[in-house]
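Participant: Chain by chain, the residues:
There are 2 protein chains.
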Amino acid sequence: MARNSISDELIIETSARLSNKVGLDNLSLKMIAEELDIKSPSLYNHISSLDDIKEKLMIYGWKELGEKAIDSAVGVSGYDALRKMCYAFYDYTTNNKGVFQAMLWYNKFKSDEMANATIKIFGILHKILEPLNISSNNVEHIIRTLRSFLEGFSLLVNNNSFGNPISIKESFDLSLDIIINGIKSLEGVK
Amino acid sequence: MARNSISDELIIETSARLSNKVGLDNLSLKMIAEELDIKSPSLYNHISSLDDIKEKLMIYGWKELGEKAIDSAVGVSGYDALRKMCYAFYDYTTNNKGVFQAMLWYNKFKSDEMANATIKIFGILHKILEPLNISSNNVEHIIRTLRSFLEGFSLLVNNNSFGNPISIKESFDLSLDIIINGIKSLEGVK
DNA sequence: TTGACTAAACTAATTAGATTAGTTATAATG
DNA sequence: CATTATAACTAATCTAATTAGTTTAGTCAA
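First to last, the protein sequences are chains A and B.
In this text, residue positions in the first sequence follow the numbering used here: the first is 422, and each later residue adds one.
In this text, residue positions in the second sequence follow the numbering used here: the first is 422, and each later residue adds one.
Hints were generated in silico from the structure; no laboratory data involved.
Possibly wrong hints are sitting among the right ones.
It does not matter which identical chain is meant; a pair holds if it fits inside one copy or across any two.
[To be verified] Within a straight-line C-alpha distance of at most 27 Å, the following computed BS3-like cross-link-like pairs (lysine-lysine) qualify: (1) K518 x K489; (2) K605 x K590; (3) K529 x K442; (4) K451 x K548; (5) K484 x K605; (6) K451 x K541; (7) K505 x K451; (8) K475 x K548; (9) K590 x K529; (10) K518 x K475; (11) K548 x K442; (12) K451 x K590; (13) K541 x K460; (14) K590 x K531; (15) K605 x K489; (16) K605 x K505; (17) K489 x K460.
All values reported here derive from a predicted model rather than from experimental measurement.
Generate coordinates for the entire structure from the input sequences, incorporating the hints supplied.
Facilitator: Written out as structure tokens, the structure reads:
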């Protein structure tokens, strides 16, 4: 070791906080370095590029969200659990805008670590849906439906893209009603 | 006029083509200028910044998609029309990845022109849903549901974020089944 | 306790791209 | 043919990422 030695975790946590404040696009090594009271080239002792930080931010975000999602689904099951998890998702992504941007844009499959980033949260979804009367193939498709909706909705809210004064919470609630009713219709249970 | 004079449209069309090829993040004034056989500072006679181009690309994309969406819904109505429009959406966004990135990220409400970018396509959706037996307030919410799903799904496909070999087309189809059945359940018609 | 080792900081330099300032060429108009 | 305005150009500036090379200070073995 040498000097005060900043940990890799501190860099990511700092980047997370800063990106949530100023937006991922405006996150710079300069800014991170200043916040940590070091010079920007010193960051290269810990990371390999700005893009590297953004990838790590992506993994950090999915991990953190995964943990919150688990907490949210404790003690409930079925559609109640699904609903709680969706709210946890929305809460996290709208309260961590910068990190969520990274979660969206850097979630490509370039490495195992990246590929596994979302395993936790969508694994939970799997466990919630499994006991229902749905074919396992359809469970996979439904996870994609939910994921698309959740990521899309959060993105639109964060970007302030809904050009309409009606309540966002109501939209989210009704959307969940629609999707859940739709899933039930596949169950043949309705 | 002076010299060969490159039109604003040509700049945007060129930018669209290039961004679809290399990704919006990699689009640069240098690249656009080279493609147009001029020097990059010359672009400033037409645009005010790289961000300005990206905003225009956003508007260009929503406009182009709006036109395709109209075409897709000609001669059909109700849920058939809805389904066709969703396919048109998916087709466009996955065949124009760079432009779609701009459509997602630059769709904030900073000006009337920007606010109106999506009016056409979501207006069509409105017309499709209006005749159904749904409260007008719910129609607005449903448009948000659909929009979230469509944008989210396209983004995930374009980013290759679905880490699963099952068919993407089947996922899309089943998702539409789910959402449409869900909407029907709101109609009380089912 | 000390001296070697190494991690992690530092400064200086390089590079690339966006943007600005100031200059020049050419098409259109009278 | 002369004027004018537009849109090109070159030169210069600025900022941020990244690389190269240097220095400092914890750690650990003798």
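Participant: Hint by hint, note whether the structure agrees.
Facilitator: So, going through the hints one by one against the coordinates:
In this assembly of identical chains, K518 and K489 lie within 27 Å of each other by CA distance solely inside one copy; the values are 16 Å within and 32 Å between copies. Taking the closest pair of Cα atoms, K605 and K590 come within 27 Å of each other both inside a single copy (22 Å) and across two copies (21 Å). With identical chains, the CA atoms of K529 and K442 are at most 27 Å apart both within one copy (24 Å) and between copies (17 Å). Taking identical chains as interchangeable, the C-alpha atoms of K451 and K548 are never at most 27 Å apart, the minima being 43 Å within one chain and 50 Å between chains.
In this assembly of identical chains, K484 and K605 lie within 27 Å of each other by CA distance neither inside one copy nor across copies; the values are 29 Å within and 36 Å between. In this assembly of identical chains, K451 and K541 lie within 27 Å of each other by CA distance neither inside one copy nor across copies; the values are 33 Å within and 42 Å between. With identical chains, the CA atoms of K505 and K451 are never at most 27 Å apart, being 39 Å at best within one copy and 48 Å at best between copies. In this assembly of identical chains, the alpha carbons of K475 and K548 never lie at most 27 Å apart, being 30 Å within a copy and 41 Å across copies at closest.
For the homomeric pair K590 and K529, the shortest alpha-carbon distance between copies (19 Å) is at most 27 Å, but the shortest distance inside one copy (30 Å) is not. Taking the shortest alpha-carbon separations for K518 and K475, both the intra-copy value of 13 Å and the inter-copy value of 21 Å come in at or below 27 Å. In this homomeric assembly, K548 and K442 never come within 27 Å of each other (Cα to Cα): the closest approach is 34 Å inside a single copy and 39 Å across copies. For the identical chains of this complex, K451 and K590 are neighbours neither inside a copy (37 Å) nor across copies (44 Å), given an alpha-carbon limit of 27 Å.
Taking the shortest Cα distances, K541 and K460 never come within 27 Å of each other, neither inside one copy (36 Å) nor across copies (49 Å). When the C-alpha separation of K590 and K531 is checked against a cutoff of 27 Å, the pair qualifies only between copies, where the shortest distance is 23 Å, while the shortest distance within a copy is 35 Å. For the homomeric pair K605 and K489, the shortest alpha-carbon distance inside one copy (26 Å) is at most 27 Å, but the shortest distance between copies (33 Å) is not. In this assembly of identical chains, K605 and K505 lie within 27 Å of each other by CA distance both inside one copy and across copies; the values are 17 Å within and 24 Å between.
In this assembly of identical chains, the alpha carbons of K489 and K460 never lie at most 27 Å apart, being 34 Å within a copy and 51 Å across copies at closest.
Violated hints, listed in ascending order, are 4, 5, 6, 7, 8, 11, 12, 13 and 17; each of the other numbered hints is respected by the structure.
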